[in-house]
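As given, the protein sequences belong to chains A and B, one line each in that order.
Residue 203 in this note's numbering sits at position 12 of the first sequence; the count goes up by one each step and never skips.
Residue 188 in this note's numbering sits at position 155 of the second sequence; the count goes up by one each step and never skips.
Since the hints were made in silico from the structure, they are not lab data.
Treat the numbers as computed from the prediction; the structure is a model and nothing was measured.
A few of these clues could be false.
Said to hold, decoys possible - Listed below are the simulated SDA-like cross-link pairs for lysine to any residue, each with C-alpha atoms no more than 25 Å apart in a straight line: (1) Lys-203/A / Lys-55/B; (2) Lys-203/A / Met-103/B; (3) Lys-55/B / Gly-219/A; (4) Lys-55/B / Gly-91/B; (5) Lys-55/B / Met-103/B; (6) Lys-203/A / Thr-248/A; (7) Lys-203/A / Gly-73/B; (8) Lys-203/A / Glu-133/B; (9) Lys-203/A / Asp-222/A; (10) Lys-203/A / Arg-206/B; (11) Lys-203/A / Glu-161/B; (12) Lys-203/A / Leu-255/A; (13) Lys-203/A / Ser-271/A; (14) Lys-203/A / Arg-76/B; (15) Lys-55/B / Gly-215/A; (16) Lys-55/B / Leu-74/B; (17) Lys-203/A / Arg-269/A; (18) Lys-55/B / Val-146/B; (19) Lys-55/B / Pro-211/A; (20) Lys-203/A / Gly-132/B; (21) Lys-203/A / Thr-156/B; (22) Lys-203/A / Gly-123/B; (23) Lys-203/A / Trp-201/B; (24) Lys-203/A / Gln-253/A; (25) Lys-55/B / Asp-41/B; (26) Lys-203/A / Glu-220/A; (27) Lys-55/B / Ala-69/B; (28) Lys-203/A / Gly-91/B; (29) Lys-203/A / Arg-154/B; (30) Lys-55/B / Glu-262/A; (31) Lys-203/A / Thr-217/A; (32) Lys-203/A / Met-155/B; (33) Lys-203/A / Gly-111/B; (34) Lys-55/B / Leu-255/A; (35) Lys-203/A / Asp-164/B; (36) Lys-55/B / Val-216/A; (37) Lys-203/A / Leu-56/B; (38) Lys-203/A / Gly-219/A; (39) Lys-203/A / Ser-72/B; (40) Lys-203/A / Glu-262/A.
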Amino acid sequence: MMRRDEMLAALKTNFVARVPALRGVTIGEQDSFHSLGGHSLALSQAVSDTLQQLRLTISREQLLPVRNVGELLDLMERVSGR
Amino acid sequence: VIATSSLDVHIAVIPDQAAPLKLPLGQLTPAERALAPPSGLGRHHFALGRAAAHEALGGLLSAHARSPSMDVVRGSNGEPRVRIDGRPVGVRVSIAHSGELAAACAWHDREDVAAGVDVERMTGASLETGDYLFSSREHGLLATTDVELSTAQLGAWTAKEAAWKALWPHQPRHPAAVELVELDMSAGCAVAAHPGDPERRPIRVAITAVAGLDSDYILALALLGDSIWVSNLTTILKTIPSHEIKYLALG
């Protein structure tokens with residue numbers, strides 16, 4: 192099972208790859224997607240990239256209510272621990 | 034200017050002219066500059082978005098009072114809030130940014146109408162995100178569209194995000210939760226709905242392509258609560274040629 196900090200690192204890498212403006216920006220678990228600059232399409236794609244890389248399957252119904260990076264990591268941990 | 038029977042919406046579209054950052058920042062108020070990210074591309078994009086907001090607001094308010102102390106700060110939920118001389122005014126603005134283009138729309142605040150704008154750079158790449166961005170119903174709409182799939186996907190997403198903004202403050206957490214129930218990319222229009230809205234009010238969206246300096250973009254303008262505007266709006270948006278994109282006098 193992948194560690195939480197490894198999941199966060201993968202997310203950050205993909206966020207920056209999709210949104211170069213986030214390079215050098217501190218991204219923490221309390222950050223909402225909106226607080227990261229409102230790049231909702233690119234950030235959604237980054238989430239999708241990360242799930243694909245980590246071979247995690249999370250349904251749309253589970254993903255859409257997520258409020259911030261921490262909640263997304265919670266979800267990823269639950270799924271990876273199945 | 035989009036004029037309907039009940040609502041005037043002023044739109045501004047501004048490309049990044051690669052000017053030194055101090056120039057667009059210099060056009061903002063101290064309160065706005067304080068909101069900008071401390072450095073990097075984010076700071077540049079913020080300045081561009083606020084510049085578009087000022088252009089749209091200037092157009093809306095020119096017949097009344099265009100104050101040099103007008104600024105756009107953040108409300109309690111991060112939404113843009115317009116102030117003049119530090120006091121809130123009954124005007125609203127929606128701001129969008131993508132790549133090297135910013136767009137904004139402004140309108141007089143009313144309880145029964147709202148607007149939202151979004152812009153996305155066209156890359157030609159498919160939005161391969163499984164079922165994250167689009168519902169199964171929307172995948173069905175996309176499968177029957179008569180434009181290239183990547184363009185249809187981007188147009189649909191831009192429409193969803195504009196509609197999501199128009200739903201403020203009753204929007205779902207993620208723009209993807211707003212669902213398109215109609216999509217006609219050739220005509221440049223869509224109808225969206227928020228499944229959580231008890232009244233299931235339709236949000237009408239006009240979609241068009243806009244030429245930026247570096248790429249083509251898709252621009253969407255959504256209106257909630259006005260039923261007669263959509264054909265006029267789509268026609269007007271389609272007539273925005275690239276040379277009418279607003280260029281700032283940045284020295």
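Evaluated hints:
1. Lys-203/A / Lys-55/B: 29 Å, violated
2. Lys-203/A / Met-103/B: Violated: Lys-203/A and Met-103/B sit about 36 Å apart, past 25 Å.
3. Lys-55/B / Gly-219/A: 29 Å, violated
4. Lys-55/B / Gly-91/B: 21 Å, holds
5. Lys-55/B / Met-103/B: 19 Å, holds
6. Lys-203/A / Thr-248/A: 19 Å, holds
7. Lys-203/A / Gly-73/B: The given pair, whose Cα atoms are some 17 Å apart, holds under the 25 Å limit.
8. Lys-203/A / Glu-133/B: Given that 25 Å is the threshold and the Cα spacing comes to 23 Å, the pair holds.
9. Lys-203/A / Asp-222/A: 12 Å, holds
10. Lys-203/A / Arg-206/B: It holds: about 21 Å lies between the C-alpha atoms, which stays within 25 Å.
11. Lys-203/A / Glu-161/B: 19 Å, holds
12. Lys-203/A / Leu-255/A: 19 Å, holds
13. Lys-203/A / Ser-271/A: Judged against 25 Å, a Cα distance of about 18 Å means the pair holds.
14. Lys-203/A / Arg-76/B: OK: Lys-203/A and Arg-76/B at ~19 Å, within 25 Å.
15. Lys-55/B / Gly-215/A: 20 Å, holds
16. Lys-55/B / Leu-74/B: 13 Å, holds
17. Lys-203/A / Arg-269/A: 19 Å, holds
18. Lys-55/B / Val-146/B: 36 Å, violated
19. Lys-55/B / Pro-211/A: 20 Å, holds
20. Lys-203/A / Gly-132/B: This hinted pair holds, its Cα atoms lying about 20 Å apart.
21. Lys-203/A / Thr-156/B: Distance ~22 Å between Lys-203/A and Thr-156/B Cα, so the pair holds.
22. Lys-203/A / Gly-123/B: The hint is violated at about 39 Å.
23. Lys-203/A / Trp-201/B: Outside the cut-off at roughly 28 Å; violated.
24. Lys-203/A / Gln-253/A: Status holds; Cα separation ~21 Å.
25. Lys-55/B / Asp-41/B: 32 Å, violated
26. Lys-203/A / Glu-220/A: 11 Å, holds
27. Lys-55/B / Ala-69/B: Within the cut-off at roughly 12 Å; holds.
28. Lys-203/A / Gly-91/B: Since the Cα atoms of Lys-203/A and Gly-91/B sit roughly 38 Å apart, the hinted pair is violated (cutoff 25 Å).
29. Lys-203/A / Arg-154/B: Roughly 22 Å separates the two Cα atoms, so the pair holds.
30. Lys-55/B / Glu-262/A: Measuring from Cα to Cα gives roughly 37 Å; hence the hint is violated.
31. Lys-203/A / Thr-217/A: 9 Å, holds
32. Lys-203/A / Met-155/B: It holds: about 24 Å lies between the C-alpha atoms, which stays within 25 Å.
33. Lys-203/A / Gly-111/B: 22 Å, holds
34. Lys-55/B / Leu-255/A: Cα-Cα ~38 Å, so violated.
35. Lys-203/A / Asp-164/B: 22 Å, holds
36. Lys-55/B / Val-216/A: The given pair, whose Cα atoms are some 21 Å apart, holds under the 25 Å limit.
37. Lys-203/A / Leu-56/B: Distance ~31 Å between Lys-203/A and Leu-56/B Cα, so the pair is violated.
38. Lys-203/A / Gly-219/A: With Cα atoms ~9 Å apart, Lys-203/A and Gly-219/A stay inside 25 Å; holds.
39. Lys-203/A / Ser-72/B: 18 Å, holds
40. Lys-203/A / Glu-262/A: 15 Å, holds
Checked against the numbered hints above, the structure breaks hints 1, 2, 3, 18, 22, 23, 25, 28, 30, 34 and 37 and satisfies the rest.
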